[in-house]
Amino acid sequence: MHVVQERLAFGHGTQCGYCSPGFVMSMYALLRNNPEPSRYEIDQAIKGNLCRCTGYRPIVESFYSLSKEFKCCQGEGKVCPCKNEDNELQEGLVDWNKMKAYDPSQEIIFPPKLIVELQQKKEKKMLKLEDSQLVVFCPENLKQLEEVFSPDTVVVSTGITRKMMLRADSKEKWISLSNLELPESTCNGLEDTVVIKANHSLSDIAEIFGKLGEKYGAVVKLLDLYTSIQARNIVGWAGSLLFRNSDFATIALALGLKLKTSKSEQLRTVDEQFFSKRWSQADDGYILLAGFPKLSEDQSVFATKYEKISMVIVEDKKSGSEVVTVGQIGPVSRQFNVVDGKIVDTLRAAKLSEDQVGVISAMYHEAKLDKKEKERPFEPLQLFKKVIGENGSACGRPLAHQYADRHTTGDAKYTGDLNIPDLLHLGFVLSTESHAEIVSVDTSAALAMPGVVDYVDVNDIPEGGTNRPGTMRVASCYDDTPMFAEGIVESHGQVIGAIVAETVEIARRATALVKVTYKKLPPILTLEEAIEKKSFYNDGKPIVLNRGSEELQKEFEACAHVVEGTVEMGGQQHIYMETQSSVVVPDEGGEWTIYTSTQGGSWAQVTAAHILNVPKNKITVQVRRVGGAFGGKAGQCLFARAPALVAANKLKRPVSGVMSRGEDMKITGGRHPVLAKYKIGCDKEGNILAADISVFSNGGWSTNETFYVSYVIAITGDSSYKVPNMHYEVWPCKTNTSTNTAFRGYGHPQSTFIMETAIEHLAREFGFDQEDIREKNLAPLGYTRLNGETIVEDHMTECWRQVKEWANYDATRKDIEKFNKENKFVKRGIAVTSCRFSMTHAGFTEQAFALVHVFMDGTVSVSIGGVEMGQGLNIKCLQVAATVFGLPIEMVTMKEASTEKTANAPVTGGSQGADVHGLAVKTACEEILSGLKPIMKENPEGDWKAWVWTAYQRCIPLSCGKHIKIPRAEFNVDPTSPTYFTTGAVCVVSEVNMLTGSHRLMNVDIVMDTGDSLNPAVDIGQIEGGFTQGYGLLTTEELLWDKEGRLLTDALYKYNIPTTGTMPENFRVMLLKEPNKYGGSVYSSKGIGEPPLLLGAAVFLAMERAILEFAKNPKEAPIFVSPLTSARIRSYARQLNPGLFEDLA
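Quick note, the sequence shown lines up with residues 1 to 1145 if you use UniProt numbering.
No lab work stands behind these hints, which were simulated from the structure alone. Don't take each hint at face value.
What the hints assert, rightly or not - BS3-like cross-link-like pairs, simulated, lysine-lysine; straight-line CA separation at most 30 Å:
1) K901 with K962
2) K776 with K677
3) K318 with K211
4) K554 with K776
5) K368 with K318
6) K533 with K1043
7) K98 with K1073
8) K895 with K945
9) K677 with K554
10) K1115 with K814
11) K317 with K368
12) K125 with K173
13) K128 with K173
All of these numbers come straight from a predicted model, not from anything done at the bench.
Can you make the complete structure from the sequences, with help from the hints?
In structure tokens, the structure reads:
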């Protein structure tokens, strides 16, 4: 393994692994160009890479260990594990010094043969590239260019953007200028400029300006802020300029770029008039090269960027004037002449909105500070129970993920990577209406396209099969979702049918040729409309729970303080890195093999049997790994698998259904948005006495998991708190938007956010300390919750106490108060919240089957029905097996999940995978070991291999398949109650800029009770990743629809998940030093996948408190809506203190 791969793999920077090769290549490219990068340079290199699992901390820490600033085990100062003084806790999951150092002398060199060929390239013929959609000529001189040019030719520098927008029914002819070399005479007229050629990338431009010294440093800085290095390396400046509203367009306008084109010998200057009309190749020609006029001695350049808005300031000290150029505030970049620094007056005179005035003026002052880029603060810390010795139990050790090495080397295969002979591919035909009757579907043009094989829809389901497998009572809940539309579409993006083609590219292009005629029907697009029109699931009835007094109004009358309010929480996309994917293979004798990315192989088997009307034993489902799921691949994986099954059955050929990111985001749903109305009251001391809460959850266009998610919202309505008198009702609503489904947390995030909002409102209105009122009302051990559950095996209050102590809460709060007094538009907030999650889940999910083989050489294989999707289930089960047998982990391996080895496994989810599958593995291993013990006793000097060989010779079983269910009666646990609770607490410090709406997470301290952790690295990874997903839910991840019900945020450049840049500066996680230990679980461990997500509420509250510090009268503040995006922050700030904005100048 290369050092980059090793650091990421064994630094625990990989979970599902789908994003790992991308991170590896970004870091590898940086090291090849800069063997000793700074942390800032590493940040720049990986900022374009996304991960949904880890929370980024282990990835960044792994790569920072290769920076020139790296010292000892984890960097510098107070978080260094070498200085740990607690003998019972271990600091840091990794000892970086034990890994090999980077040695650039060992890298492969550029092949000399290619160097020679490149030097002789003038003797080569012009490169020509062609496929069914495009032909590209790459001339190397003007003569070759003239030979291939014609009026219908498109001239591009790279063509990256245009390629993505090619129409399905056309074939274009391009000339790429990427190899073009121009004679020196072409530069005539540009002698006193900084010359750039049309085939230069944005990275080339940054390098050119970088060589000109500090005078142009701001231009280089702005180019550095353009997306990622990878994008800058391939995006040409000419296309970026002609896009008219880009960072480069802002630079070109600011510096007066002069263009030389094929149409005219005269130079054309980029000014505001230049952007008044779109560039026409017929009229304007194509760009050959350009030049930036050099700055005079009196001129200085400043630049900055915020979100998509870019700014360049050219200051002339001699005249005292400034020209401020701003991009992305309208259709084209704009310029403003500023005198005496009066930016606010200038912007208002230009009739910009007050929101734009605030943002641009803040950017102006930020740019003029001209700060040097510096490494961001980064102090991670992980604390967990120390494991003594190197040769003890495998459990409790921070071992790397089972597939970590394969993830980082790229050897890990996912469903879409399978290369099966004779494989066909799907493109999904989706509804373009939110609610309509389908009048007709014309597929003739698509079927005439070369490479298209067929079209399938509901009419191709075999006789006796079903289009609605969820109605066959084959899953944990009733689901009426059709796989194909049945004459009516009820949402934009609903699957109508699928094109089957020889390649996925052909299939996707052909879908654009399918013409669907509709008769529109009135849609319901919002929760407010659903409430008004009484569009409810569950037969129009709410899910209702009551606790305490039957006369709630009297309880409110007895309260000293009561508040009422309405709170909204938006939805969330899963954004698993691997999209929905299935490959189905028909076999002899009516048998099938299904390779699918799913959380439930057995449920995939059952639903396939119902769709095809075949016995379940004819179907084998195999799942090696899943590239992220978070609940989204429990049921919605059917949207890719069902059309593939129908097509394969019809054509008798293997079919692959792998969604593009856009298809996935349009077809599938996510977390349920909610609107809640609450009333909550307390006594004079702040003890909560009564609450009345009505919740409306948006299920989307089909039932899916909506009833059950709504039910969980209701039963967890009191969250972590004791509320003696409570009425809670949840109304599951139907709308014509995406069908929402299971998502990590499954109802808990909604109920947690609602309760935290209500308590925050109560505290703010009547002057209670926000943390004191929470601490006072935490439900203790033994308390009976709203749903009748008794809190057992719970350490909530200790987590709360320790996190406040660890975060130095009191001192930090005083520092924040001081900061807020000294700063006008930038404020800080601090918040502490908790999470409580009941497990295990009573019912049929509390079972598992494991198959364990000990081979004649002593090695062990384990098979479970649980699915590895990044959560570390496999490595935990391997650690259990290694512990039982007393073996090194290297002697135990996990086989892929398959229904022919482990049948009837429940869907992997609910955070209890290690509970059930780990227990099954432990039980099976113990049974094998019981047969070996007499041999071990009679030959105590022998070793494992000798004992196994003797057992084999004596015909003693070395294989065992064991079915288990969670023990309850043995530990006096009620049949329907939780067996334990996973709890935790977090303290968050955030900083918010009221002018830009930007924020940063300064400190995040988390303490979690995970029992005796089976694997601290896995558990801490789940805590960090879960918290980060909860943070995104409540801040950056906003789903937007237009008035027709079309999803606007249908791509990752529109939908903003957390990135490396939003990671907390100080991210510290502690596994509770003395956790509760439930004896019925595997080695007293606890599930951890979902609970940390609930802690994201603390980020929202910390940001809300920062905004209220800016408010003139906090009590007049509205109830803030989630997600708390930058636009909302600016709006709230302006609403809460308009006077400060009026005096902005």
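Practice prompt. Sort out whether K677 lies within 30 Å of K776, counting only the CA atoms.
Written response: It holds: about 24 Å lies between the C-alpha atoms, which stays within 30 Å.
Discussion item. Please verify whether K317 and K368 have alpha carbons no more than 30 Å apart.
Written reply: holds (13 Å)
Item to complete: Would you mind confirming whether the straight-line C-alpha gap from K533 to K1043 stays at or under 30 Å?
Response: Status holds; Cα separation ~18 Å.
Discussion item. For K128 and K173, compute the direct alpha-carbon distance and say whether it is at most 30 Å.
Written reply: Holds - the C-alpha atoms of K173 and K128 are around 11 Å apart, at most 30 Å.
Worksheet entry | K677 paired with K554 [C-alpha distance capped at 30 Å] | The given pair, whose Cα atoms are some 19 Å apart, holds under the 30 Å limit.
Worksheet item: Hey, K368 versus K318, does the alpha-carbon distance stay inside 30 Å?
Response: holds (17 Å)
Item to complete: Starting from K895, check that the Cα of K945 is at most 30 Å away, please.
Response: holds (21 Å)
Worksheet entry | Agreement of K1115 and K814 with the hint, judged by alpha carbon distance not exceeding 30 Å | holds (22 Å)
Worksheet entry | Holds or violated: K554 to K776, with C-alpha atoms at most 30 Å apart | holds (23 Å)
Worksheet item: Taken at face value, is the distance from the CA of K962 to the CA of K901 at most 30 Å?
Response: Between K901 and K962 the Cα gap is close to 12 Å, so the pair holds against 30 Å.
Worksheet entry | Pair hint outcome, K125 versus K173 [Cα-Cα no greater than 30 Å] | holds (18 Å)
Worksheet item: Has the given pair, K98 with K1073, been kept, meaning a C-alpha gap of at most 30 Å?
Response: holds (27 Å)
This entry satisfies every hint, going by the numbered hints stated previously.
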